[in-house]
Amino acid sequence: MSLLQLKRISKSFGPVQALDEVELEVEKGEVLGLIGENGAGKSTLMNILGGMFPPSSGQILLDGSSVAIHDAKAAERLGISFVHQELNLLDNIDIAGNIFLGREPKHFGCIDQRRLHDLSRPLLETLGLPIDPFTSVALLTNGQKQLVEIAKALSMDAKILILDEPTSSLTLQETDTLLRLAQKLRNQGMAIIFISHRLAEIETIADRVIALRDGRNAGGLKREEINRNAMISMMIGRELDEVYPKTKPSAESVILSVKDFSTRQWPNGGATFEIKSGEILGMAGLVGAGRSELAQALFGVDDSPSGFFEVESQSIPRGDVSRCIANGVFLAPEDRKSSGLVLEMSIRENMTLNSMKRFTRYLSIDFASEKENAEVWLREFGIKAPSTELVVGNLSGGNQQKVVLAKWMTLKPKVMIFDEPTRGIDMGAREEIYRSIAKLAETGCAILMISSDMEELLGMSHRIAVMREGSIAGILDKEAFSEEAIMQLAVREDLATSA
Amino acid sequence: MESKLSHYLNRYRKEGCLALVLFFVAFWTILFSRNTEASGFLQSLIESRFLSLRNLENLSRQVGMYGIFSLGMGLVIISGGIDLSVGSLMALFGTVFFFLLTGSHAWIPGMPWVPAIIVLLAFSAIVGMFHGWLIAKIRMPAFVVTLCGLLGYRGLAQTMTHDTAIGYYDAEFGIAGLESLLTGEILGLPAAFIAFLFVSAIVYYLLHLSVFGRYLLALGRNEQAASYSGINTKMIMALAYVICSILAAVSALFFALYTADVVPSIHGNFYELYAIAGAVLGGCSLRGGEGTVIGIILGTTVLLVLQNMVNLLGYDSSFSKVITALVILGGVLVDRFEIWKLVTRTKNNVA
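Protein chains in written order, with our numbering: chain Y, 1 to 499; chain P, 1 to 351.
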């Protein structure tokens, strides 16, 4: 009999069906990998298990008997422990206090510090974290904080441990430690549900994989069947090759050439790279490596202390947006809502905000040609909107991104910089955006695509530049593409090898 | 697909509501200031004091003088800023103008009235540029910059006049034509009202038809997105203050001639607040990016007609402030509800 069984779990939020008769089983001493796109329902399912909210229908069996999990406390009592993606530790309290928060050992009404210490110490030692339990949590690294969360789970005698994207903010080294620890806990008989976007980790650690897609079960894999491609096709419902359109750089002529370009964040860094006509250069790097800052500095909306860049051998001064735009260098920024669009304005107005001069006649705005322009792009990109007058804030993320694209396409880009072009956008709309990017590349436009989505980078790019601390750590050619190669360049060597 | 009519009703619902309020206040005033000795009810209304030629002339002059600087304030508010210095500028500009005419201040040369007006408008543009530079380029908060203006300009005017009144009757050069231009009538309408219609048309063009207006609305909503679209947001923002200052000077000319002498300590007191109130009542949002010329005009007019009502009907004038406050509060409250409606509509669309 399975330790935990979820039977036909459904959950709807208003009209939105988040989960539709999902089944899931976990055995004792097993790591179950749970995978799926954003919005596939992984978090909803785990939140039900963690007692955040009840399912609309369905049954939860623990050791074969039906249980109801009303709140987080109930989940804890049943031995289900949930380590959230965002760490839920209090920075102003020490490690021991965090582990036993709300369950402090007391002595005449006061917290019994000695027992707190004695209880915490062995927990931390099992986790390979030989630190004084009275250390402030604020001093810990993200990896250590994750371990403290797990210590908390252990202190509650958890039988089932849910790890939601546990490695998303960890260094390679810390990730390694965490994975080894998970294996150790499994060998001691704990059931672990491991949610991750990093398929390599799932491949390493999972005994079994279950995929969700659009709130439904999308299949499962046994240990021997687990491999990257199988997982991806389960997640997206078809082969990976079909998602990313194949493109080839059209010519050898260099369109964009950047030399020693630094940013405000990394004034001593300097990015140097070239993009050819029709080429898509992917740009990878860790959070804080300065990729978005570089994009903003190139586009001129942010200051840059030093560096040169040329478009079609014509030098462009730093920090001058209008010169950038005049030379056909455009940016689709990371944050659509605050930088890419004026949400309260209509589709028509947003699409011409950057090219107003083309839509004037007799010193006044030519509303008819503005509207015509918007209608052309609505059709071209298949933007789902009843009219060009709809306020952009009412569109979905995917359609908003298409409006941003249309806005720049009107001006015929020579260099288009995309900063996280598909963040927060569902799979269907993503594919359309990929097709648009590919189409743009085919017209000879040089494309710089900054992304934190490995699949996207590997699938779309012709080459990938990896950024680290404001400089280009290396540029990978198509033959050298791999997640590991990118990570190795992205992480500082001294951090990756020491500690 | 919604019909054309309901589309316009929806789009101009704020203005429609304001027009209704205006109509109601005017009708109320007509009703209670009617000529009780007239034969017949309708006749008594037509002969009401509100509809008397004198009152209408006075009212239209007021609407003209207040409307001009309120339009400037409207532009600044749409840019997401505020200009608290308008009332004090009114005193300073009036003072400077009279000194230009009389030549009685050591630093200010006397000159005929035509160049005097040009010099004053140039001076006001410089003041506006100074505000715009501090706010848009140096990025000081508009509230602080113009609050300093509120204190400083009136103080400067008071210092220049040694805190007494200043008139223009001892003008150095002839002032033939000045009075008839600024206080006279054209086609039976007060000059200030004609000027106001003229200014309204220009501001309507600027805000609703020109690229400047589109940029102003965009930057008032989301300055970052505007600059990411390659808009020179600093320039546009500064221009709003320049226009506001110039329109304050135009108003100041009419006010100065209307009062005939300027007492800097009270001249134009609290006018900035009337302008803000009119603009906000007219649908401008203090968060920026929202507002129409029609709305600002209606908002300002409602406030002045309310004032007129209090005067004509002999209500306690102190109480009129309470009425004004309640009308503004009510107007903004209605605006809130519309935002609330907008939010629910967004949700429905997403679902």
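Simulated from the structure, these hints should not be mistaken for lab results. Every value quoted in this text rests on a predicted model; they were computed, and no experiment measured them. We treat Cβ as the ideally placed atom computed from N, Cα and C, and that holds for glycine. Mixed in with the good hints, there may be bad ones.
Stated by the list, open to error - Covered stretches of chain Y (in silico footprint by chain P; criterion: 3 or more residues with CB under 8 Å from a CB of chain P, positions within the stretch not fixed):
1. 166-179
2. 317-330
3. 333-347
- Task: State the violated hints by number, sorted upward, taking the hints as numbered earlier in the document.
- Result: Hint 1 contradicted; others consistent.
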